[in-house]
Structures are given as C-alpha cells and as structure tokens.
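Residue-level listing of the chains:
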Amino acid sequence: MSSASLPLWRQRLFGTPATGIVTVVLAFVLAWVAIPIIRWALIDANWVGTTRADCTAGGACWVFIRARFGQFMYGLYPVDQRWRVDLTGIIFLVSVLGIVFAPQRLRLRAGLAALVVLPPLGIWLLAGGFGLRPVETREWGGLMLTLFISVYSSLIAIPLGIIFALGRQSQLRVIRLISILFIEFWRGVPIIAVIFLASLLLPLILPGGIGIDRLARAVIGLGFVIAAYMAEAVRGGLQALPSGQREAATALGLNYWKATGLIVLPQALRISLPAMTNEFIALVKNTTLVLVVSILDLLGIAQASLADPAWVGMNMEAYAFSGAIYWLICFALSRWSRHLESRRRL
Amino acid sequence: MAKALALLNDKRVRDWIYQIAVVALLVGLTIFFVRNASENMVKAGIASGFDFLWRASGIDVPFVLTNYTRSDTIMGLFWVGVANTMLVTVIAMVLATLLGFVVGIARLSSHWLLSTLAGAYIEFVRNIPLLFFVLFWYFGVIASLPAPRDSVKLFGIAFLNNRGLTIPLPDAPSNFRWALGAILLSWFAQWLVARWARRRKDRTGQDAPMLAIGLVLVVLVPALAIAWASLATRWDVPVLRGFNYRGGFVVIPEFVALLAALVTYTAGFIAEIVRGGIQAVPHGQIEAASALGLRPGRILRLVTIPQALRVMIPPLTNQYLNVLKNSSFGAAIAYPDVVSLFMGSALNNTGQAIEIIAMTLAVYLVIGLAVSAFMNWYNARIALVTR
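Protein sequence lines, in the order shown, are assigned to chains W and F. Residue numbering for the first sequence follows UniProt numbering, beginning at 1 and increasing consecutively. Residue numbering for the second sequence follows UniProt numbering, beginning at 1 and increasing consecutively.
Please keep in mind that the hints were generated in silico from the structure rather than gathered at the bench. Misleading hints may appear alongside valid ones.
Computed, partial: chain W to chain F, Cβ under 8 Å [what the hints assert, rightly or not]:
{"no.": "1", "residue": "L26"}
{"no.": "2", "residue": "W186"}
{"no.": "3", "residue": "P190"}
{"no.": "4", "residue": "T250"}
{"no.": "5", "residue": "L299"}
{"no.": "6", "residue": "G323"}
{"no.": "7", "residue": "F331"}
The C-beta atom is built at its ideal place from N, Cα and C for all residues, glycine as well.
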C-alpha cells in the first residue's frame, strides 16, 4: 500500500518511519506535560465552597478565585460603588461599537466627539467628585486598572506618536532632529526605568505644591514610551504611502496641514493600524510593570493575594487565572490585527 | 510693510520661524522644569552633583561578579549592577536565539504535530506579559523546588534547590585562561584557513576538505582545551553541610528565574522572525538551486540561510535590544541588576534622583547603541550588493 492511499491523518503523522518516530516521541512528551495539567486544572479541581478547607481534592482550588473574583476585577474599589466601573466599561464599549458601525459620514465626527467627551467622563465616574463619592486611585486595582492604564496611556501615546512620526518625516531639519531624539531616547530605555523615572521626577520638576497622583504618573510615563513605539508604527504607514499622494494634494493647493489631515494621515493610519494594534498589545502587557511602584493591576492583585494567610499556597491558581485573562485579551487583539492586515492585502 | 509681508510669505523664512518657535518652546519648558527641580531639591535638602558616587555604599549584594564588598563606593555598586545586567542579557540572548531557531524551524516543519506544537508555544508566550513569566518562574516554579537537603542533583556536582543553583567553581582560573587563549587561536586559524580555501576555490575551482578542518579547529581543539583545563584544575565542589551547601558558586534563584523567563518569552518572538525570514526566500530560489544540482544541505547553507538572514537581522536586532531592556524586569524580583541596585537601593540611600536616573538610562542607551551599531555593521556586510 503506497503512503498516498492512507487516510490524511495517518499520512501526516506516520507517512514515513521518521515521521512516525517524531510523532510517537512528541505524543509522549505531550502526554507527560498535558495530562498532569488537565488533571490538576479540571479533573481533580475543587469548584464549590467558600474557604480553603473546601479544597479537599488534590487539584486546583478554584474556590480561591471565586472568593477573590471581585478583587481580581476591581481591586479594593468599594463594593457598593463598583457599578460605576461597570457603567464606565459599558459606556466605552457602546461608544466604540457605535463609532465602528456608524455611517461613514458620521464616523469622524462621532469619533472626535467621543474623544473629547469620554476620557473626562470616565475619570469622573471612576474617581468621583461632583456628586459622586470620591474613590482614591489607591483603591483601584485588578483588571479594571489594567484596562484603565492601557486606554488612558494610549490616549497620550497615539496623538504624540502621530506628531512625532510626522516630525520625523518633516522637511524641517530641526524638527526632524528633535523627533528622532525623542523617539530613539524613549525606545532605548527600559519601561520599568521610565515608570520609576515618572514616579520620581514628575513631582520634582513641577512647581512645588502641585501634587500629582501616583497612578497619573505611571500613566504619563507609559504614555511617553508607547508614543515612541507608536510613532515608529505610524512612520511605517507614512513611508508605505506613495509620495504622489502628498504631491497631488500640494498641486491641488492644499497646505501642509490640510494635505496631512485630509489626504496623507487617513490613508497612512489605515495602513499602520495593524502595527499600532501590536503596540497596543505590548502596552497591555507592559501595564503589569506598574507593580514596581506598588500599583496593583490584575497581575499585581494576583501577586498580592498570595500573601493572604487564609489562602496559603494558591500561587498556581492565581497565576493561571490572571495569565489566562491576559492571554485572552492579547490573543483576541492580535487576531484582530492579523485580520486587519489580511484585509488590507486583498 | 509690504516687504515684511513678502518676507513672511517666503517659505524658507516661515520654516525658520516655525523651527525657532519650537526650539524656544522646548528651551522654555526645560528652564521651567530645571528651576522647579532645583527649588524642590533645596526645599527637600538634597545636594546635587556626582560626589555621592565616592561615598561608601553600605549595601550588601547577594550576587557579585566583581570584587565588590559593602565597604566599597557607590560607584562600585553601579558597576556590580551593570555587570549583572550584562551577564543575564548576554546569556539570555544566546539561549533565546537557540530556542527561537529550534521552535521557528519546527513551526515550518512538514510534520503536522511538530509544527502545531511549535505554533501553540509561540501563541502562548507572545500573548502573556513578560512580568507574568518572571513572577511565575520565581514564585511558582523555583519557590516550589525542594529545600537544599533534597536538592535535585545534576551529575552529583551541581545542585538545584529553592535557594538557587549551586555549581562547582575552579580553585584557580589560570588553566581556563590558557584554554580560552587556545580556543581563540584555533578559531582564528579556522578563519584564516577558510579565507585561504575560498580564494583558492575562486582561483582554481578546487574544494578544500573544510568540513574536516572545521571540525578539528572549531570543535575538537576547544573541546580538548576545556577538558584539559577542567581536569588539571582542582574544583571546589559544593557539599551539603547542615541545612545548605558549602563551597562552589551559588547562582541565585532570582537569576535563574529571570533567565528562564527571558529565554522562554523572547524565543517565541525570535521563532516568528525565523519563520518569517525563511518564508521570505522565494521558492524559485530553492528550485533553481536544486536544478543546478545542489544537495538539500548545501541549498540550506548557501541559498536559503544567507537570504533569510538578510530579512531576519533587523527584527533580530530589535529583539536583542528588547532582551537588554527587559533584563530590568529583574527589579520586580530583586535580581541585583543596575535598575534594582542603583535606581532602587542606591537612590533610596542617597536620594539623588536626577543623577542616578541619568546614569541608569545612559547605561541602556550606550549598550543599546553599541548593539545596534554592531548589528548594522553585520547587516551591511551581508546585504545584497547591487550597483
């Protein structure tokens, strides 16, 4: 019997003796790694209960995650105020969906309006004041904080990134030099050092008496670093755009800003959207670094929860749960970025 | 008046006005920040300047490659941090490259299970924060290793336990210096022979037995040199005394955890670069090479890899720079690198934020520039030569 007549799976896995050996070895390794993990996470796991004593089977104690779920999501945000976090999330989500599905001619205006209204609204809902009970940023934490830092840092990073990408392409030599220095400086230093730097230097260089919130410092620091990476992503789009586009716009009598805003940027940003999404993924992953200035995002809450004497030895459960959430967010975003890229190629 | 307007409408004049305005704005901001900083520092009673570097540090470091002790200066502490950063960076770069190439090539394998597993590994590590891996290896894996008494024994000379990895240390390093000299000499000889063989082939078309010569000069001589050096040296092998091992050299758990995290994480990114690079070589190239009668091994070495490398070098450079910057994640588990020792401990003791931050950032910028300069040089060397 020739190997071509075998069913596809046998041909793929056992087509030749060498493939067969590789298959068997890999299957053993897979079984050796995967079976204990599956037994621990699913078969021998404990799902119901309220305390550590309920975890009697040998596997994972998911009871711990259930008991701590609120903290993993909201940190120490007051329980009776958590609806504000949910509301903020829903408003942001609905607005983004609304903008994406809005008719083409309204999209730009709706987007700009959202950009003006949403960020202050979000801060008001979360931090309180003006009629709402104030909640200090010290009490924020968990997944909510991860998302907050990611979104607000990119609100700094994307505009700055576009400005410096344009600056780097500029004909004006001084502006080009300043842009290159800015981009290469922030790309050359570790993010962890920038977060330290922001938390130490920002209070120092502002006039005495102006206090600046700990969380705001971290958001600003991250925003500046990601801006440099965003600038490189945007530059990719600017360089991919045929130079005839700007030349044609200039020939039609548009000045630099009109040509940039109406012709160059809309096309260049569409090209660089996948790259910018990848930078956003990197940002989501790097928000974890705020741990070093004792701000507890999702990973920080997971780490802090290990110190609870009532739940000793829950390391694996805490890591598995927080890791899975990061993975889901980043995986979904990376698939989206890949989808955008393949759509552009067609 | 009209003349002034005409001047304003001159593009060159206007460009200069814009640029001068931007520079003036930046200078103004800088002056504003510097004045605030100096006022705030006077208020807080912090002196400025680099005098503090020559004060005694008084900081104990658990992992020292130089001959630093706590009575040394803060400058000494700085160099300890730089050395530790370099150590973990270089080892992680090498190991991540090896693992990344293996996974990347496995991803392209025609074996379905192998390429699926490699793909799963890549998707797994790329979508999880590096800090997660650092904490996981440190608090999840290494903390759950057995106590020294029940160490995992590696060939009876190295011991892995929750206090780190204890390895034997040579009593006198002089034999190893000789061995290193011999290895470098033999590699240099290999380079000379290869050059001679290439020139002779260009001239006469004759092949030299480069494989045999290469095996001797690149593999055999170094192996013999290392074997001689290890046998001729007395080793300080760690021995269990009471609750812990005595003797040898202790690789601290922070180093092991940080290295493991950096290697497993970066390998996922390098694997994608390798895959992309190899896939970027047009299939026609390989078909043409086999039509010319080249065997698969030579096709890989002479056609695929040189062209794939050309695509891979720039993103690989980025990954190497990332490893350098990411080595600072060690600060989260108190690995004594330059960020954690200098920006952490030394800054806490002296309070000289600006000087210390500037020096720390300078370390990364200088090393980063050196790495990119080297990779640019290498890239230019292998670049396609066109007219």
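The hints, checked one at a time:
1. L26: holds, 5 Å
2. W186: violated, 10 Å
3. P190: At about 4 Å, which falls below the 8 Å cut-off, the nearest Cβ of chain F leaves the hint on W:P190 intact, so it holds.
4. T250: violated, 12 Å
5. L299: W:L299 check passes; min Cβ-Cβ to chain F is 6 Å, inside 8 Å.
6. G323: At about 5 Å, which falls below the 8 Å cut-off, the nearest Cβ of chain F leaves the hint on W:G323 intact, so it holds.
7. F331: Holds, because the Cβ-Cβ distance from W:F331 to chain F comes to roughly 5 Å (cut-off 8 Å).
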